[in-house]
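Trainee: As a plain string of letters, each chain reads:
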Amino acid sequence: DAGVIQSPRHEVTEMGQEVTLRCKPISGHNSLFWYRQTMMRGLELLIYFNNNVPIDDSGMPEDRFSAKMPNASFSTLKIQPSEPRDSAVYFCASSLGQHTTDTQYFGPGTRLTVL
Amino acid sequence: AQSVSQHNHHVILSEAASLELGCNYSYGGTVNLFWYVQYPGQHLQLLLKYFSGDPLVKGIKGFEAEFIKSKFSFNLRKPSVQWSDTAEYFCAVNALSGNTGKLIFGQGTTLQVKP
Chain A
1 DAGVIQSPRH EVTEMGQEVT LRCKPISGHN SLFWYRQTMM RGLELLIYFN NNVPIDDSGM
61 PEDRFSAKMP NASFSTLKIQ PSEPRDSAVY FCASSLGQHT TDTQYFGPGT RLTVL
Chain B
1 AQSVSQHNHH VILSEAASLE LGCNYSYGGT VNLFWYVQYP GQHLQLLLKY FSGDPLVKGI
61 KGFEAEFIKS KFSFNLRKPS VQWSDTAEYF CAVNALSGNT GKLIFGQGTT LQVKP
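Going line by line, the protein sequences match chains A and B.
Residue numbers for the first sequence follow this note's numbering, beginning at 1 and rising by one.
Residue numbers for the second sequence follow this note's numbering, beginning at 1 and rising by one.
What the hints contain is simulated information worked out from the structure, not anything from laboratory work.
Nothing here was measured: the structure is a model prediction, and the numbers come from that model.
All C-beta atoms in this analysis are idealised placements derived from N, C-alpha and C, irrespective of residue type, glycine included.
No false leads were mixed into what you were given.
In silico DSS-like cross-links for lysine-lysine, where the CA-CA straight-line distance does not exceed 30 Å:
(1) A/Lys24 x A/Lys68
(2) B/Lys102 x A/Lys24
(3) B/Lys71 x B/Lys102
(4) B/Lys102 x B/Lys69
(5) B/Lys61 x B/Lys102
(6) B/Lys114 x B/Lys61
(7) B/Lys61 x B/Lys49
(8) B/Lys58 x B/Lys114
(9) B/Lys102 x A/Lys68
(10) B/Lys102 x B/Lys58
(11) B/Lys114 x B/Lys49
(12) B/Lys58 x B/Lys71
(13) A/Lys24 x B/Lys61
(14) A/Lys78 x B/Lys102
(15) B/Lys49 x A/Lys24
Computed footprint of chain B on chain A, listed as stretches where at least three residues anywhere in the stretch have a Cβ under 8 Å from a Cβ of chain B:
(16) 41 to 51
(17) 101 to 115
Taking beta-carbon pairs under 8 Å as the criterion, some of the chain B residues facing chain A (in silico):
(18) Asn32
(19) His43
(20) Leu46
(21) Lys49
(22) Phe51
(23) Phe90
(24) Lys102
(25) Leu103
(26) Phe105
(27) Gln107
(28) Gly108
Construct the complete structure from the given sequences, taking the supplied hints into account.
Mentor: Okay, structure coming up:
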């Protein structure tokens, strides 16, 4: 298996622009997680899905952020409009299920820079 | 709110030295505990995890961790580090009640091993 795939790997954009990050989970995994990593706040869970349904979005910073999972093999995280403080590495992870014992497998991340 | 604290932010060791990275969590109930590692330029990988049973857990690459419930701790150890262990290490907790699948990460510890 190719593992969790994220695109793009790097994104540089200007403040106010829309940014869309993409994730393909491991085939057969039913849970998908979006994390953000910054120096100040470390790794934070933004949102997670189980069977394509958002279960917990309490970590989404504000309305500028939205996430979708239209099918089992694809998810997007959108920021509109983007701001410099959104600059971070965004990781997607997937797991077989949402049980607390299920290991989460992480993608390579998307490094976002908002100028 | 649940939180995870990693006391050492940056550790520098010489090869063959012993390693212990501290991790404490704040949650009074039953938890699952994880250590993840992020090698330079790579994504997070699972080192080891504890769910139940023997509190001394062995993981990959010679790492182990001990769960001490009375101290709310899950410290990571390795008797003899190698240069290739240079990486960032994250402790994570998943509380068994409430939000299933949701990992709370510590701030991370950067380990630098000098050859």
